[in-house]
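Undergrad: Assemble chain B onto chain A, guided by the hints.
Going down the list, the sequences are from chains A and B.
Under the working numbering, the residues of the first sequence are numbered 1 to 225, in order.
Under the working numbering, the residues of the second sequence are numbered 1001 to 1414, in order.
Since the hints were derived computationally from the structure, they do not count as laboratory data.
Since we're looking at a predicted model, the values are computed, not measured.
In silico lysine to aspartate or glutamate, EDC-like type, Cα no more than 20 Å apart, as pairs:
1. Lys86(A) to Asp1323(B)
2. Lys1171(B) to Glu1212(B)
3. Lys1016(B) to Glu99(A)
4. Lys81(A) to Asp1403(B)
5. Lys86(A) to Glu76(A)
6. Lys1141(B) to Asp1241(B)
7. Lys1151(B) to Asp1053(B)
8. Lys1016(B) to Glu1306(B)
9. Lys140(A) to Glu99(A)
10. Lys81(A) to Asp1323(B)
11. Lys86(A) to Glu29(A)
12. Lys1141(B) to Glu1106(B)
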Amino acid sequence: MSPVLQVEQLSKRLEDEIPVTLVDNISLEIAAGEFVCIMGPSGSGKSSLLYLLGLLDIPSAGRIWLDGEDTSHFGEDQLAKRRLEKLGFVFQFHFLLAEFTVVDNVALPMQRLGRHPQPAIRQRALSLLEQLGVADHAHKYPHQISGGQRQRVAIARALINDPLVILADEPTGNLDTASGERVQQILADLTHEMGKTVVAVTHDPAFAHRADRQIMLVDGRIQSG
Amino acid sequence: MPIQLQIALTHLTSRKRQTLVSLGGVILGVAFFLAVSSLMRGSEQDFIKRLIDNSPHITIYDEYRRPQTQPAQMQWPDAAISISHLTPKTENRGIRSYREKLAFIELIPGLQVAPVLIGPAVLSFAGREQSGSLSGIIPAKMKTVSTIQEKMLQGSLDALTANPNGIIIGKALADKFQLGLGRNLNLVTQDGGNRVMKVVGIYRTGNANYDETQTFSNLKPAQVMFNRPNRVNRLLIKLQDAYQANLIAKRIEANIGYKATSWIEASEDILSLLTVRNIIMFSVVSAILIVASFGIYNTLSTIVMEKTRDIAILKSMGFHATDIRLIFLFEGSIIGALGSVLGLLLGAGLMLILGQIQVKPPGVLEMTNLPVWWGVEQFELAAAFALTSCILAAYLPARRAGDVHPVDILRGQS
Chain A
1 MSPVLQVEQL SKRLEDEIPV TLVDNISLEI AAGEFVCIMG PSGSGKSSLL YLLGLLDIPS
61 AGRIWLDGED TSHFGEDQLA KRRLEKLGFV FQFHFLLAEF TVVDNVALPM QRLGRHPQPA
121 IRQRALSLLE QLGVADHAHK YPHQISGGQR QRVAIARALI NDPLVILADE PTGNLDTASG
181 ERVQQILADL THEMGKTVVA VTHDPAFAHR ADRQIMLVDG RIQSG
Chain B
1001 MPIQLQIALT HLTSRKRQTL VSLGGVILGV AFFLAVSSLM RGSEQDFIKR LIDNSPHITI
1061 YDEYRRPQTQ PAQMQWPDAA ISISHLTPKT ENRGIRSYRE KLAFIELIPG LQVAPVLIGP
1121 AVLSFAGREQ SGSLSGIIPA KMKTVSTIQE KMLQGSLDAL TANPNGIIIG KALADKFQLG
1181 LGRNLNLVTQ DGGNRVMKVV GIYRTGNANY DETQTFSNLK PAQVMFNRPN RVNRLLIKLQ
1241 DAYQANLIAK RIEANIGYKA TSWIEASEDI LSLLTVRNII MFSVVSAILI VASFGIYNTL
1301 STIVMEKTRD IAILKSMGFH ATDIRLIFLF EGSIIGALGS VLGLLLGAGL MLILGQIQVK
1361 PPGVLEMTNL PVWWGVEQFE LAAAFALTSC ILAAYLPARR AGDVHPVDIL RGQS
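If we strip away everything but chain B, and leave its shape as in the complex, we get:
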């Protein structure tokens, strides 16, 4: 063992109480850092998982990201052309020749796609009205991209296949209209569609607004109601790897021209909110470790003050200033390393306990455990942060110790 390390260990073991207090600060700092970060990251991932599970990973709209260029502008791209009072061509809105586009997308490996025609509709029953939207779907395909099948309280998506005039509504709407399975309600669209449809399923997502306004029918009757034969206006895509969404969305948009939005793009605001939340969380838990490092600074400064005579004698023996600095840096590192290891153990224990606590989040029916994330990165981060702050805290006392001039001390003593 190098003599500097030996002296460092002796300093620490000879003042056990001070060392234990410093060590305790680091242990608690690391443990809380870990517990809080695992909970924050856990809830973040839980939230993202819900976000990913409950919405399509990529939605293709019947829109373009940029307005279509006029033929004159295409002909003379560099000319100063200004076209005003332009009325776009009236067209049957929706994704044109969606079947070919669907076929193209289906060729991309690792994804499921379902066509949907969605539009506004007014639902009425027994004199009550509710404006909402109607999605025309192909049940077999919809099941592959949406979790709606799992949210069914009564009936199922397959009931739509059996009943071409069927409709699936949310629990909130069913409660509002006081109707149940097998009852008929009236649907009117602004394109002149008017139809009586039979409730074949009731779902509940837990999102009150969604449950009150979203309804599902077969694609064909929706196309008739919205007067858009052979058209859909959404293609919903579910990926095996949700984090590929941005990449695949870009690729699809480049090929078919229509706007393809990934869940990442659509939830940018929420995701940036999570980033802010993480920054706040890390500042708070880092503060604990910074406070702990003040404890180390304090302990080592005291040792340096008490040991100036020893430092002077070591230097007179021929120890270099670097040796002396090293002794105190070792002391900081030892507290940091030991504190990190014990803190990680304590933190893991806290995480185990937190993971046992059951909560009932709003909108969820059954109790779930607190989401705790066991990622290795946060263990590394906590240890690295603790070690760095300990060494930084040791640096100033170490430098002061290295600068002790032996003659000043010897003269004072004799």
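Just chain A, same shape as in the assembly:
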């Protein structure tokens, strides 16, 4: 099976007064449908690698192929287009827009995509909320629901454009045990039942244990995995 994400000799350096190497010469392949966890101590470059994989950041060196397409020569707008169509993000903090209701938050990326009529977008958003068990809160505002529910809403939003890859940055880092457990289960189900590729950064060994593969990062380099 061809890899959905492939990186080759990827590096990210910050050229500040004291130059810092965040990601150091990493090469890896992630197959479609795979559930990969990136682990490592704080400052090991986990999040930086995730941002590079998610085309949010531009590498200092190396190449990234997404769905067989070399993205190294892409401009900002092209990268944004790929993020919209092929990637979904879930962050540690839920990052929902406070002035929009839950269902409107979920619908945002699909509205931006602009390929479907408004009723269809709404229907899809509601059915995703249903799947994730938060349909009852569809018309509430983010501050009216719990942290675990917000994270599930964020997952629904990441899924709305039917992406190839879900990238999650410490998705359970800010949740209580029960909610964290539920989110982990959902992400695992996404790969095993819906065939999505999930790449998650985590500190939590229990979460990493659910993954198909663990990648251990130390000082921006892959130590194992």
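TA: Leaving out everything else, chain B in the frame of chain A:
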């Protein structure tokens, strides 16, 4: 509705107070812009109307714009000819064969013309003297080009026709000489004319100097007094469309040779003064709108600062920098458009109120309403200016928002 517009609306409605303050600034700016400009333009047009109504639109003088060329210069135009100590031919001054010229001018459609012979005269009565000028007129023609008939307090222009020795004087002169209708006064001209004339009319224009010095008689006695038989030295023209004056004046001058001055040319200094006044007025009222646009800049900058996290998340979702910029430009445009519409309504209300205020300008007998101009252009101008300044005010925050780098924000958060 595009998603960018939807987000813009949400931003604005979620911080109502800030939005209302910005909106209020634009509304007041537009309304004052409109009220002040309508008053300034109104008074300007009122002034020009007086200027047009009270003076002939074109005056033809018995002069040439350029001195007449000497025959030698006409014969050898390229030669280096210098003629010095030249005395012009002594001639009976005035417009030569004015009747033919009058006939030619009368053929031009849309105008009225009246011949006048004007010259200096000394008026005396009961030992008092006043130097002034005497205009010999044909009353029936004069009525068509001048508003003097409307300014008559006693008697009329027609009384001149009935009395060939009659004279019409201003109220100020009548007061000075303490004379009334039917009294005689003495006129002397430098050409040796000396005549006793009977007051058959008294007028008042409100211009003190004019009312004291200008007198009118029939054309014939004036020609005798000034010793210029069959001559006039002015042709006064009134047009149906006063703004054609420059064009028609040029055409007449080209045909008859004498200098023809339009009211526009004659009042150039006053008209340029009005232009300066307009520039000052527009700078002041524009300043109000510029201050208002600072309010918008401030509001949008605050939103951008508060919303950097949202901007980062939108960008990570796949929103382009252009989408983000568009959101904030929409916010500026919405405030601008809404502020313009409400400001125009408020401005129109102010204009209605201003139009009700009565004033008594100096030299005018009855009260008049403040002149308010209802031209569409100023509504368009106010709205366009407001909208432009709002979009410009939104541009800088919009650009800053578009430049937000999501990773910088995400890294700071997690």
